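Visitor: Construct the complete structure from the given sequences, taking the supplied hints into account.
There are 2 protein chains.
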Amino acid sequence: MLIVKKFGGTSVANKERIYNVAKRCIEDYQKGNDVVVVLSAMGKYTDELITMAQDINENPPKREMDMLFTIGEQMSVALMAMAMNKLGVPAISLNAFQVAMHSTSVYGNARIKRIDCERIRNELEQRKIVLVTGFQGINKYGDYTTLGRGGSDTTAVALAAALHADACEIYTDVDGVYTADPRRVKNARKLDTVTYDEMLELATLGAGVLHNRSVELAKKYGVQLVVRSSLNTNEGTIVKEGAKMEKMIVSGVAADADAARVAVIGLKDEPGVAFKLFNALAKHNINIDMILQSVGRKGTKDISFTCSDLDADEAEQIISDTLPFESIDVNKNVSKVSIVGAGMQSNAGVAAKMFEALYDANINIRMISTSEIRVTVLIDDINTDRAMNAIHDKFDLGDN
Amino acid sequence: MLIVKKFGGTSVANKERIYNVAKRCIEDYQKGNDVVVVLSAMGKYTDELITMAQDINENPPKREMDMLFTIGEQMSVALMAMAMNKLGVPAISLNAFQVAMHSTSVYGNARIKRIDCERIRNELEQRKIVLVTGFQGINKYGDYTTLGRGGSDTTAVALAAALHADACEIYTDVDGVYTADPRRVKNARKLDTVTYDEMLELATLGAGVLHNRSVELAKKYGVQLVVRSSLNTNEGTIVKEGAKMEKMIVSGVAADADAARVAVIGLKDEPGVAFKLFNALAKHNINIDMILQSVGRKGTKDISFTCSDLDADEAEQIISDTLPFESIDVNKNVSKVSIVGAGMQSNAGVAAKMFEALYDANINIRMISTSEIRVTVLIDDINTDRAMNAIHDKFDLGDN
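Residue numbers (this note's numbering), protein chains in the order written: chain W, 391 to 790; chain Z, 391 to 790.
Among the hints, erroneous ones may be present.
When chains are identical, the list treats them as one kind, so a pair holds in a single copy or across two.
[Unchecked claim] In silico DMTMM-like cross-links for lysine to aspartate or glutamate, where the CA-CA straight-line distance does not exceed 25 Å:
{"id": "1", "residue 1": "LYS530", "residue 2": "GLU515"}
{"id": "2", "residue 1": "LYS743", "residue 2": "GLU513"}
{"id": "3", "residue 1": "LYS658", "residue 2": "GLU704"}
{"id": "4", "residue 1": "LYS476", "residue 2": "ASP711"}
{"id": "5", "residue 1": "LYS476", "residue 2": "ASP445"}
The set of hints was computed from the structure by calculation and includes no laboratory data. As the structure is a computational prediction, the values presented were derived from the model and not from experiment.
Guide: And the structure:
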C-alpha cells in the first residue's frame with residue numbers, strides 16, 4: 391500500500407509530538423507500506439512569521455511573504471526526518487522545489503497544477519519515508535507560492551491523487567467529523583462517513599476539519615479521505631463518494647465566526663451596479679460569500695454581502711473608491727451558522743425547521759443563503775453557541 | 391557598475407540593522423548601479439537551528455541538517471526584500487534553487503561549482519535589487535547543501551566572479567583587516583591593502599574576517615575584495631593581487647583558539663603508519679592542520695597533529711579503531727598564533743624573531759609549522775593574548 395498521511399501544525403508543535411508522529415508513520419512503514427508524509431509548520435510558527443514580517447513592513451509583498459512562509463514547513467520536515475532517522479528508519483525531506491510541486495502563479499493563494507512524482511517514487515523505492523512540505527508550491531517563474539489557509543490538506547490530497555495512493559489520512563486534533571463542534575454542542579456525535587459534498591459544505595462553513603479546496607480535489611480525483619486524530623487511534627470519519635447515506639436529512643451544524651457583513655445603502659438603481667461593485671472586490675482577491683440585494687428608498691437599491699473579517703475594512707475602502715452610495719455599514723460581530731446534509735435535497739421544510747429552532751431560541755436572523763445541501767443564516771456572534779445547540783437539538787443530531 | 395555586497399549575521403540581527411543594510415544598498419542602487427546582496431542568517435539563528443536539531447537527534451543526518459540550515463538565510467533575504475520594498479525600492483529574494491547555485495555533493499561542506507546567472511540578470515534588468523541567500527547550494531541530487539563556516543563570503547565572491555561584478559564588498563563588524571585583533575592587541579593597526587595570499591593565511595589562521603575559501607576563489611578569478619564595516623563608512627581594507635606592498639615584512643598577527651593537539655605515542659615504526667592514520671581521519675572529513683612526527687622510544691614513533699576542538703574526540707576514537715599504539719593524548723587548551731606577511735619570503739630570521747618574542751615573554755612553544763609567508767606556533771590558550779602583544783610589539787606592527 392502507498393499511504394499519504396498529513397499532520398497539521400499542532401501535531402508537530404514540539405519534540406514529543408514530533409516523535410509521536412514519527413512513530414505512527416513508522417508503524418505503517420514497518421508493515422511494508424510506502425509512506426509519504428505531508429507536514430504543516432510547527433504550532434503557531436506561521437503566525438510568528440507573519441508577526442516578524444509585519445514588524446518590518448506592515449504590508450509586505452505577497453511574493454516575499456510566501457518566500458518567508460515556506461521556511462515553516464521546511465523546518466518541520468527536516469526535524470521529522472531527523473526524528474525518524476534517530477528511530478532507525480531512513481527518511482528524507484523534500485520541499486516544493488525538490489518534489490517538484492507546480493502551482494498557479496498567485497502568491498498566497500495558489501492552486502496545485504501538477505506534481506512531478508519521479509523524485510518521490512525514487513525515494514520510496516529506496517525504502518525511505520518521504521516527508522513533503524505542505525502548503526507550498528512553485529510557480530512558472532520558479533518562485534515559491536503558498537496554497538492559502540489549510541493548504542497542507544490540499545498538498546496531501548494532490549499527492550495522493552498524483553501517486554495513486556491507496557489511502558489518504560488527514561490527522562488533526564479532533565477524532566473526525568462531528569454533527570457539530572463538540573466543544574460547543576455538548577451531545578455532538580462523530581460521523582462514520584460523509585460525502586464529499588457534505589464535507590465541502592462543512593469545510594466551507596468553518597467546521598475547520600478539512601480545507602474545502604482539498605475536498606474539491608479529493609472529489610475530482612476520487613481520493614478517499616480519512617479524517618482522524620493524531621492523539622489517539624480512534625477510527626475517524628471516512629469522506630467518500632456515495633457513502634452509505636446515514637438516515638439523516640441533516641448531517642451537521644457548523645459555525646464560522648470569521649464573517650463580516652458589509653451593507654451598502656443607497657446605490658443607484660441602474661444596470662451594472664452589482665457588477666462594478668463585485669468586480670472591484672474580485673480584482674483585490676476579496677472572497678464574497680452571501681449576497682443580498684434589496685430595493686432601497688427613492689429609486690436606489692441596497693446590497694449586503696459577507697466576507698472574511700480580515701477583508702472587511704479593505705472592502706469598505708474599495709467600494710468607497712468605486713461607486714457612489716449613501717452610506718456603508720460594516721459589522722464584524724456576526725457569525726454564519728449552517729446546517730448541511732445530502733438528504734436535504736429530497737426533504738422539504740428543512741430550512742423552515744431550522745428557522746423555527748432559532749425563533750424558539752429568540753435569535754434574530756440577519757441574512758439567509760441556501761444551496762442544495764445547505765442552509766446558512768447570519769446571526770450575531772453572541773448567539774452562536776445557543777443557535778448551534780438549538781438547531782442540533784431540533785434535528786435530533788445527537789441521537790443514534 | 392554591478393556591485394555584489396555581502397552582509398553577515400550580525401548586520402541583519404534585528405529590524406534596525408536590517409533597515410540600516412537596506413539603506414546602504416539603496417544608496418548604491420540609486421546612483422544607477424546594479425546591486426546584488428548576499429545575506430547570512432540573522433544573528434545567532436544558525437546556532438539556534440543546531441540546538442533545535444540536536445534536541446531531536448544529537449547526531450542528525452547532514453543532509454537534513456543542511457535542509458534545516460538553509461531556512462536561516464531564506465528568512466534573512468525575505469525580510470530584507472520586505473524592508474527594501476517598504477523603502478520604495480523593488481527588491482527580490484532568491485534562494486539556491488532559484489539562482490541556481492550548483493555545488494558539489496558533500497553536505498555541510500560543499501563547494502560552489504557553477505552559478506546560473508540568467509535569473510539574476512533578468513531581475514537586475516528590471517531594476518530590482520537582487521537578494522541572494524548566502525551559505526547554500528544545490529547538488530546534483532537536487533538537494534540543499536551548505537558551504538561550511540563563513541560560506542556566505544564564498545557565495546558573494548562566486549557571484550561576483552560569475553556576474554563579472556565591478557566590485558565585491560564584504561561587510562563585517564570590524565573596519566577591515568588589522569595587524570592583529572584590535573580587541574586583544576591595543577595598538578593594532580588597520581591595513582589599507584593586503585594580498586590574497588596574506589589574507590588567505592590570516593583567514594586560515596582564525597583572523598575571522600574572511601573565510602579562506604572565499605579568498606582562494608577571489609584569487610583564482612581575480613575578484614578584488616573590499617572588507618569594511620556595516621556600522622560605519624570607513625574605507626576598509628582592499629584585498630587584491632600585487633597590492634602595493636607595504637614596507638613591512640610581517641603584515642599581521644592572528645590567533646585561533648579552535649585548535650586541539652592530538653598526540654599519538656608509541657606507533658609502530660613501519661611504512662604506511664602515517665598514511666593509515668591520516669587516511670582514516672580524512673575519510674571522516676576531519677581536517678588536520680599542523681603535523682609533527684618524531685622518533686619514539688624502542689623502535690616506535692610518535693605523531694602529533696592539530697585539528698578543530700570539535701573534531702578532537704572523534705579523531706581520538708577513529709585512531710583507536712585504526713591502529714595499535716601505546717597511548718594517546720588530546721589537549722584542547724591550546725591555540726595557534728601566527729605571523730603572516732608576503733615580505734617574509736625574502737627576509738631571513740623572521741621566525742627566529744617571533745620565537746625570541748615568545749622567549750622574552752616566557753611562553754612555551756608546543757609545536758611549530760611554517761609556510762612561505764607564515765609562521766605558526768601552538769601555545770597554551772592561557773598565553774594567547776600575551777603572545778600576540780609580544781609579537782606585535784617585537785615587529786613594530788603598530789607603527790606607521
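Visitor: It remains to establish, for every hint, whether it holds in the given structure.
Guide: To see whether the hints hold, each was checked on the structure:
In the homo-oligomer, the alpha carbons of LYS530 and GLU515 lie at most 25 Å apart only across protomers (19 Å), although the nearest pairing inside one protomer, at 29 Å, exceeds that limit. Proximity of LYS743 and GLU513 under a CA criterion of 25 Å is satisfied in neither setting, with 55 Å inside one chain copy and 60 Å between copies. For the identical chains of this complex, LYS658 and GLU704 are intra-copy neighbours only, at 22 Å inside a copy versus 81 Å across copies, given an alpha-carbon limit of 25 Å. For the homomeric pair LYS476 and ASP711, the shortest alpha-carbon distance between copies (24 Å) is at most 25 Å, but the shortest distance inside one copy (58 Å) is not.
Within a single copy, LYS476 and ASP445 get their C-alpha atoms only as close as 37 Å, which misses the 25 Å cut-off; across copies the closest is 11 Å, which meets it.
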